Every structure is written in C-alpha cells, then in structure tokens.
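Knowing the structure of chain W, use the given hints to seat chains A, X and U on it.
Residue numbers (the working numbering), protein chains in the order written: chain W, 1 to 287; chain A, 1 to 287; chain X, 1 to 287; chain U, 1 to 287.
Simulated from the structure, these hints should not be mistaken for lab results.
Heads up, some of the hints might be wrong.
Same chains, same label: a pair holds when it works inside one copy or across any pair of copies.
[As the list claims (entries may be wrong)] Calculated pairs, EDC-like style, for lysine to aspartate or glutamate (alpha carbon to alpha carbon, straight line, at most 20 Å): (1) LYS287 x GLU115; (2) LYS287 x ASP244; (3) LYS151 x GLU115; (4) LYS68 x ASP250.
Computed from a predicted structure; not experimentally measured.
There are 4 protein chains.
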Amino acid sequence: MMSTPRSYILTVSCPDGVGLVAAVSGLVASWGGWLTEVSNHSDRATNRFFMRNVVAADSLPFGLDEFKNGFLPLARRHQMEFAVRDSSVPKRVAILASREAHCLDDLLHRWRTGELRFDLRGVVSNHETSRAEVDRLGVAFHHVPVRSDAKEQAFETIGRFLEDEQVELVVLARYMQILPASLCQRFAGRIVNIHHGFLPSFAGSRPYQQAYDCGVKLIGATSHFVTADLDQGPIIEQDVIRVDHTDTVDDMVRLGRDVEKTVLARAVRYVLEDRVLVDGSKTVVFK
Amino acid sequence: MMSTPRSYILTVSCPDGVGLVAAVSGLVASWGGWLTEVSNHSDRATNRFFMRNVVAADSLPFGLDEFKNGFLPLARRHQMEFAVRDSSVPKRVAILASREAHCLDDLLHRWRTGELRFDLRGVVSNHETSRAEVDRLGVAFHHVPVRSDAKEQAFETIGRFLEDEQVELVVLARYMQILPASLCQRFAGRIVNIHHGFLPSFAGSRPYQQAYDCGVKLIGATSHFVTADLDQGPIIEQDVIRVDHTDTVDDMVRLGRDVEKTVLARAVRYVLEDRVLVDGSKTVVFK
Amino acid sequence: MMSTPRSYILTVSCPDGVGLVAAVSGLVASWGGWLTEVSNHSDRATNRFFMRNVVAADSLPFGLDEFKNGFLPLARRHQMEFAVRDSSVPKRVAILASREAHCLDDLLHRWRTGELRFDLRGVVSNHETSRAEVDRLGVAFHHVPVRSDAKEQAFETIGRFLEDEQVELVVLARYMQILPASLCQRFAGRIVNIHHGFLPSFAGSRPYQQAYDCGVKLIGATSHFVTADLDQGPIIEQDVIRVDHTDTVDDMVRLGRDVEKTVLARAVRYVLEDRVLVDGSKTVVFK
Amino acid sequence: MMSTPRSYILTVSCPDGVGLVAAVSGLVASWGGWLTEVSNHSDRATNRFFMRNVVAADSLPFGLDEFKNGFLPLARRHQMEFAVRDSSVPKRVAILASREAHCLDDLLHRWRTGELRFDLRGVVSNHETSRAEVDRLGVAFHHVPVRSDAKEQAFETIGRFLEDEQVELVVLARYMQILPASLCQRFAGRIVNIHHGFLPSFAGSRPYQQAYDCGVKLIGATSHFVTADLDQGPIIEQDVIRVDHTDTVDDMVRLGRDVEKTVLARAVRYVLEDRVLVDGSKTVVFK
Chain W
1 MMSTPRSYIL
11 TVSCPDGVGL
21 VAAVSGLVAS
31 WGGWLTEVSN
41 HSDRATNRFF
51 MRNVVAADSL
61 PFGLDEFKNG
71 FLPLARRHQM
81 EFAVRDSSVP
91 KRVAILASRE
101 AHCLDDLLHR
111 WRTGELRFDL
121 RGVVSNHETS
131 RAEVDRLGVA
141 FHHVPVRSDA
151 KEQAFETIGR
161 FLEDEQVELV
171 VLARYMQILP
181 ASLCQRFAGR
191 IVNIHHGFLP
201 SFAGSRPYQQ
211 AYDCGVKLIG
221 ATSHFVTADL
231 DQGPIIEQDV
241 IRVDHTDTVD
251 DMVRLGRDVE
261 KTVLARAVRY
271 VLEDRVLVDG
281 SKTVVFK
Chain A
1 MMSTPRSYIL
11 TVSCPDGVGL
21 VAAVSGLVAS
31 WGGWLTEVSN
41 HSDRATNRFF
51 MRNVVAADSL
61 PFGLDEFKNG
71 FLPLARRHQM
81 EFAVRDSSVP
91 KRVAILASRE
101 AHCLDDLLHR
111 WRTGELRFDL
121 RGVVSNHETS
131 RAEVDRLGVA
141 FHHVPVRSDA
151 KEQAFETIGR
161 FLEDEQVELV
171 VLARYMQILP
181 ASLCQRFAGR
191 IVNIHHGFLP
201 SFAGSRPYQQ
211 AYDCGVKLIG
221 ATSHFVTADL
231 DQGPIIEQDV
241 IRVDHTDTVD
251 DMVRLGRDVE
261 KTVLARAVRY
271 VLEDRVLVDG
281 SKTVVFK
Chain X
1 MMSTPRSYIL
11 TVSCPDGVGL
21 VAAVSGLVAS
31 WGGWLTEVSN
41 HSDRATNRFF
51 MRNVVAADSL
61 PFGLDEFKNG
71 FLPLARRHQM
81 EFAVRDSSVP
91 KRVAILASRE
101 AHCLDDLLHR
111 WRTGELRFDL
121 RGVVSNHETS
131 RAEVDRLGVA
141 FHHVPVRSDA
151 KEQAFETIGR
161 FLEDEQVELV
171 VLARYMQILP
181 ASLCQRFAGR
191 IVNIHHGFLP
201 SFAGSRPYQQ
211 AYDCGVKLIG
221 ATSHFVTADL
231 DQGPIIEQDV
241 IRVDHTDTVD
251 DMVRLGRDVE
261 KTVLARAVRY
271 VLEDRVLVDG
281 SKTVVFK
Chain U
1 MMSTPRSYIL
11 TVSCPDGVGL
21 VAAVSGLVAS
31 WGGWLTEVSN
41 HSDRATNRFF
51 MRNVVAADSL
61 PFGLDEFKNG
71 FLPLARRHQM
81 EFAVRDSSVP
91 KRVAILASRE
101 AHCLDDLLHR
111 WRTGELRFDL
121 RGVVSNHETS
131 RAEVDRLGVA
141 FHHVPVRSDA
151 KEQAFETIGR
161 FLEDEQVELV
171 VLARYMQILP
181 ASLCQRFAGR
191 IVNIHHGFLP
201 SFAGSRPYQQ
211 AYDCGVKLIG
221 ATSHFVTADL
231 DQGPIIEQDV
241 IRVDHTDTVD
251 DMVRLGRDVE
261 KTVLARAVRY
271 VLEDRVLVDG
281 SKTVVFK
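This is chain W alone, in the form it adopts within the complex:
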C-alpha cells in the first residue's frame, strides 16, 4: 500500500441489477480515470450487489469532493450506498484494550513499523498495565476503569473520546468489557473485535476452557464487527490451529494468542483498505 501511488477507493452496495459494473466503470472512464482494481459480488440470497474500485488519483482532473459529487447522480439512480476515500489519508483509529496485551502489542508493533498504516488517536484501557508501553511510543493512553457500579459513565467517557477524535475504526484488542448497545449502534460497522474462539462455537466467556472441555482438535479465533448482540456480529476473518490431548487449557491460551493476533491484524488490514462490506449478518471481503 505504502509504495503504491495515491488512489481513490470507491465502495458501493445496492440492489442487484443489469449494467452496474459498466455504469460505475464507464462513469470513471468518462472522467479519464484509471481503474486499477475492480471487484464485485452479487449475493443471490439477498439480491444485493457489492463493488470495490481503486482509481489512480492522478488520472483524475479533480479531487475527492468532486469525485463524490460526480458520483451522486449514478448512486441515486441505483439506490447505491457508497463511500470514496483517499488512500493516502490514513484512517483515524482507537484501540481498546484490557490487561492481556498481546493483541494490543502486536497492533502497536505493526503500526510502529509501518506494516499497518493508520492514524492512532489513542489507546483506552480499563487497566494501567500497558501505559508505559503506549507512552513510550508517544501515543495517548487513557485509563478508563469500568467499575460494575459505574459502567454507564465509563462508556460515556469512551464514547465522547471516540467522537472528539472522530475515530473511524475502533479495535477491541482483547477488551474484556461488553459494550453497551447504544455505543454499538452509534459506531455500527466501525467496531472490530477479536473473539478468542472459533465462532459460533464458544461464544461468551472462557472459550478456551469450553474448547478444552469439548475435546476439540482445532481451536480458533474470530474477528467480527461488533453489534448489540454479543459475539454475533458479521464475521470478517477466522483461523484455527491444531491441538491435541496433551494440550492443557493454558497451552490452548498460549497457542490461541498467536491465532488471535494474526486474525485481528488481517481483519484490521482489510477494514483499513476498505475491503470489507457488510451484507446483512455476513461480510463480503474483497481480498
């Protein structure tokens, strides 16, 4: 991404129909725009159309706003939901973490080395444990304890922070608190979680203990959008690792960490690059 030329990424979803690919690519071509990547998908069950287009920015005689304005008439005609983004402007991101820091540390490492490009507005945690690590990187660290008798206030504080910073993506990096439904709705499609189980198996708490008791031979992790239904949001990415009878719950926790980290990092990358479109209770991921 880094070394590629500046692009506009246009994502579209609308009722399926004839000529949608041609309509979109034809319009871009009429502007002299160079479509370097195009992907589409038609969901036959929901009869919905999805498309992701990458247009070389310097092939267009105008900027982002004019792109949007120029696209509006077509969008209206086909009842398209659409978004255009400048690939050179990194997304504004907040990470919510808790005591277990492997996912947070992994994301920070990928961010620091430039592997994942985003504008990190801050880290929120209900524990102080990661403060030193976050401080050291020059990133704002917000300790927001979540006491059982004052949850509402805590999430009001967090909600305000996310709004103030105009956060476009919230990453729950093993944040062990359940977000209130209101927050989930306010940031619908913008909160990504990593669940340490192979959903829909092992939803809820202590998934590794559940997996151990169940005697499964593979354990996994699931990254999904957060909705008001706990552990039920649209799945973005999953992966598994083999275990056997010699592995204790502690071994599973350890092995699982490596899967959690890579699954979350992949899901975050897909979202940062506008590769993920929500299709009802599922996702379309243009890889």
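Quick look at chains A, X and U alone, frame taken from chain W:
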C-alpha cells in the same frame, strides 16, 4: 503398517500413579519382549493414565492368549482396563452408508488399494444406489430401508448383522439416520461417525446451510465416536477448509466433501491401529 | 456452476493501460449484457493486464459467434488476447494415467457425480490396470504402452488421439512418463499435471524420498501447466500436509495422495471454469 | 511448563536394540522415580533409538548430579548419549539480530510475558536499531558491527561473549550474517536459525523474491539448527501461508513475517523443553 513386522499392540488405561510406565515396560522386558513404540498420557483433570505399547511379536516366546494371561495380575493391581491385539489380524468392519456416497467410495478405494487394512464384513445402506459399486468389489451389500414407521425393526436387523459378523468397528459414512440409543450403547466405543460440520458448531441437520447463514470463513468436518447423545460423542479428528463470500451452500457442500473424506479416513486409521483411547467425553489419540 | 444460468465467460490479457476495465464492461453494457462477475489483475512486473468476465447469456441479443465478432475491434485496438466460452458447453477432456490410480479414480468420481463437469473423451494409460474401472463408466480406455525403444510412436498415437477428439484439456493424473517437447508445445496451456512434491523443491523423480531424506516437516503437491521444461511450468495450485519424524517414506506417499487428489481437482476446476490465465512463467487464478 | 511441578528431563539416543524402554524406565522406577512422560522413536533407516523422559523431581531421593551418576552405567552399556536437565533452571540464551526486528521483538515479548521461559544473557546485533527496545527491558545489548574487512574479529567477539555467558542456546532472529564454520562447529546443536523460505526451496538470499519469481501459491519459513553448510542444517519446524497473484514481493515479506515469528517461537520452545534430538541430517521432535 503392512510392511512392518507382526506386533502386539497393548493399550492400557487406569487411575494415574507412580511407576506405571516402568511396571508395564518392565513386565514386557521380563518376558524378553521388544517394545518398539511406547506412548503415554496423564490427564490431570481426570487423574487418569493412558498408554499404548507396540511389542515385536517374534521377541516373545508365546502368543496372544498368554500375553493377556501374563498381563492380568498387573492389570488387576492397578485397576487397568487393557486390550492386546495382534497387528496382523485386521479388524472386522462394517460400513453404514446412505445416498451420498463420497465417504463410502473413498473408504472402499483406500480398502481396495490396501491403504487401509481391515476385514470388510459388509456395507449396509438404506438406499440401493451403491449396490453395483459394492457388489463389483465382492463385498456383501445389505439394503435395509429405514421407514419412519418401522425404524425399530430396521435397526434390529442391523444390530443382528453386526453381532453375527462380530464387527469390531462400525463406520457411519454419511449414514443419515439417527441410531437408537440401545444400539449406541451396545456398540459403545466401536461406532465412528463423520459429521459434516465443525462440531460443536452446527450440530444437527444441514450444517452447511447453518455455516452459510452464519457467514463463517472456514468450514469443517468432525469424526467422533457415536453415543446416545446426537453429535456429542468424543471427537477423534477434525479439519477445516477456507471459504469466502463467493461460496454458495452448494460450493460448501462440494468443498466439505473433501474434508469429510480425509477426516473420516484419518479417524478410521487411528482406530484401526488402536491409537484412540476414550477419556470421558474426550479422546486421547496417540499419533 | 450447474444450477447457475448459462453465461459467456470472457477472458482477456493485454498490455496494461488506462480504461481497460471500462472499455470492456462498457462494450458489454452497450449490448445490454449483464456482467455478473468481473475480476482483473495488473502485473506491475510484466506490465500486463488480465481480466475475466462472466456475462449472463440471456441478457445478450445474440450468440457466441457474434460476441466474438463484436469484441474483435476492441481486442485489436488494445492488442488483447481473448477467449469467449459458453459455460453450458463442457470442455473436451482427456486424462492420461499410469499404474497409480488414485488421481484418476478421484477425477472419475468427481466427474461421475457431476461435481466436475466436462466432456470426457477418453482415458489413456501405459498400463492395463485401470481398464475395468474406466470401461464400467462407459468411457473409452486407450492402452498405449510407452516402451523405451518406441516412445516416439507412442506419443504420436497419443497426439493423434488428442487432435482427433479436439481435446481442450489434457490432465496428467500421475502419468509417470515425460512428454516430448513437441507435444508440450502443440498443447501449450492445455496440459495440466500434478507433481507429488512441493515445487520447486523436489522436482524430478521420487519426491517423497527426497522429502524424507531432507527431513522436512511439511510435504506437498503442485499442479502446474506442462511445458517442455520438466516440472517447471506455471504453477496453478499447491497445498501441503504436516509430517513428523515418525512418518516413513511409505507414510508420506499415503498422506501425499490425499493432497495430490485435492490439489489436482482444484486446478482442474479452475481451468474448466476459465479462471486461470498464464502470465509468463506464472499464473493468474481468479477464484 | 510454568505451573507444572519441577521435573528432570532425560533425553537419550543410542543404537537401537531390545529392552531399551524397559531398561530406562525400570532404572528410574528402581529409584522410586515417577515417569510422567515418556516418548521414544526408532529410526529404521539409521537404526538409532531416541527417548525423552520426564521424571517428577520430588519423587526422587536425590538431585541432578546423583541422577547423572546413577544413569552412567546403563548409558555405557548401551552406548547412550544422554542429558539430564532440571526443568526449573531456565536455559541460558543469547539472541543474535539484525535490522529487521520482528522476530527479535516477538521473542522478547514472549520472554517478557513469561510465555517462553529462558535466562536471556543478552542480545547481539550488527545494528544499533534495537538498542532502545532491548535496554528498556533491562537486557544487555551488544552492538557488534560486521564489517566485510573485519568479519573474523567480529565473530571472535561474539564467540567470546557466548562462552563467557555459558550460553546453551543461540537464536538467530533474522540475523542476516553468515556465521563462520568454526563458530557453527563450536556451538553445534545449540544454534537455531529462522530462514524466511520453505527450505529446501529458496535457500540463500532473497527467498521471497525467489518465491515471487517462481509463482508459488504458498510461502513459508523454516527453523533449523545451524551447521557449516548454509541453510542445510536439520529442520526443526516449518509452516506456510497462502499467497496468490495479487501479492507482490512486499506483500510476501509482510505475510512471511507472521510465519517466521511463529515458526521460530515454536522451534525455540521445543528446544527449551528438550523436545528436539538430532538424528543425522534430520530431527526427532517429541511434541
């Protein structure tokens, strides 16, 4: 297995304790027996000990019966459940199948080419569709329809066949009927099923439709021992394959078949080679 | 594929440039054609553009020949190599096999059950071993022995058969003979092989022995287009399976068979569905 | 490992023969020792026997030295090479790194969080880039530049450091320098490297570029013991990840990092827990 010398395979399970490995291997050594493979496992949760031993048959001055008799005093002392088997005597196997024949055909192919060695006593199906294929191989084919108003009789017929043939392993190769609890109990630890879902997700019927609706990114199959609790028996082997938003339910069914076949074949191999010991609701698999 | 409506599949490759996606999709749209799938790829190293388009056949007012004729002017302008195919007309296929029949049997099974749809023109083998199996399915079986002193004649016979039957895809299903360069060139891009090693490791003969001697922890299989350079043609698909120190060469051969079968079946499916485009020494596979 | 009781880990290799398992376990039993884990392997090609035993320390009436002395007569009789180690005494480890720090950082993270337990004697690098990170953890950082005209001195410095610190395991965490043969021999069986290619494919430099040029569909990483033959030492662990035509060399580098980290971490864990025995040009890994 085929080209290796004849062996006795001794499997043991008992309450855990000091000196069990030494007691077993010492007894075998006192007979002049050559232990070519030994594997053990202690389950700290259930405090149970499991062991699998392979002894070169020609290193012993006696046969299977004397082995068993010679082992009895030690077994009694440590409350061991044990079994000894001659690796050169293939297990007596029956396969139960239905209309979808990919798992049956796959097992027949592995059996015919000698990849899996067992004494195939017959194939039972509630459909006639595989008769020609089975006949051609010189294997007995038993058509036992399972009509909703005569299930009891059907399973009585099947039970009698399994007893008459002294079947040691029953393989449900996508047999779409639910076995009655009585049959499950009579052949406890001797019936292996392949479920076309990644258990405990997607138990019950139409697992691929469930997986599709759920938007998972990996689908899988599970081979397990059959108990009276549907799709709940101890898991022997599992595997998964990646899917994405372009895959329909039909694609999942097709992709899943390859996983079902290999997972079932692996589980059957482990059981044929006495590598699987049941540990409560789980299995110990010595690979 | 089977239940989907009839489509035209248009594949294109040409020097990369501005407006290619729009030019192609716009032309199809100008005919009223409904593009249900579109995939493209630009190889920055070779500066080449690749595209695969699926057009609903009943959205066009004309047939395959007019499609081709209508596309020619655009193709000339952009120096496009292109092909259009009617998805309802199965490709003409020949399978070449040898003594080890697991890949042949697997393909026949997928063909017989309709999982893979193609027009099987015949099976050629240098051994008689599979005749009964092939006969039984009503498929022509051609025994063409390849004696070391009469190779040229053997391959002339085979070449004539392929031409007579207008074969569009030749599958080497563990065919253990090296094809002469002339045959490779005559059917360039139309011969698919399965190599039982993870190429480029273990090219040549006895790859499992090589893998064993090397002590690798994963073994694999590779499906690739056949060129005059042995085991060097563009790779279509690969996969691996885990092994460990307990696995003998025979175990690797057995485990490898399952990988060979699925890798070859996947590659054949991709080619049958026109998903594979050759890009120099590599492939573009639109999944 | 951490929460398990203190154990002695006894590893043995010797010419294969009758009664070896019984001889070892019987001797331990004669001391009242409790064998909690036992694994063995006979390599039929080399006719060599390998064994790993875990004995509960508090079941023995004496300590490590007496264990060794008590074992000597048996070892002599069977020409055994053996080692006994106290599981509660972490191994002395040095990490050699270079500019690319993902493997170093990953190991440091696992070490800091207690996931991998070892006594980290210092980090050596030919660049200053990781100094701050290493310092912060209170670990000694040694900058040893490797100038092309002064390689000998550089490796003398490193060799002296390793000896002074009595290092038992040297981890090359993407250390991009070739160790001199003398150093490889001095620390034979104690240096573990991570190669960013799926060996034996892509030995030497720029493996991802090689993989890209070759058009492979899976890329991998290999952890192996270092010998004087570059990238040829016994393989401990390997893994792969899927790539396709859209992945550039840079993408492969990025994807490969996740595989390198996990493969190296697994190999280091196996070595730390004495699970790896060298068998000629291969390894036995008791998992």
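Check: Given identical chains, is LYS68 near ASP250, meaning Cα to Cα at most 20 Å, within a copy, between copies, both, or neither?
Finding: neither (51 Å within a copy, 31 Å between copies)
Margin query: Please sort LYS287 with GLU115 into within, between, both or neither, judging by C-alpha distance up to 20 Å.
Written below: within (17 Å within a copy, 26 Å between copies)
Next item on the list: Pop the pair LYS287 and ASP244 into one bin, within, between, both or neither, using alpha-carbon distances up to 20 Å.
Entry: between (32 Å within a copy, 10 Å between copies)
Note to self: At most 20 Å between alpha carbons: which applies to LYS151 and GLU115, within, between, both or neither?
What the structure shows: neither (35 Å within a copy, 32 Å between copies)
Hint compliance for this structure: hints 3, 4 are broken, all remaining hints hold.
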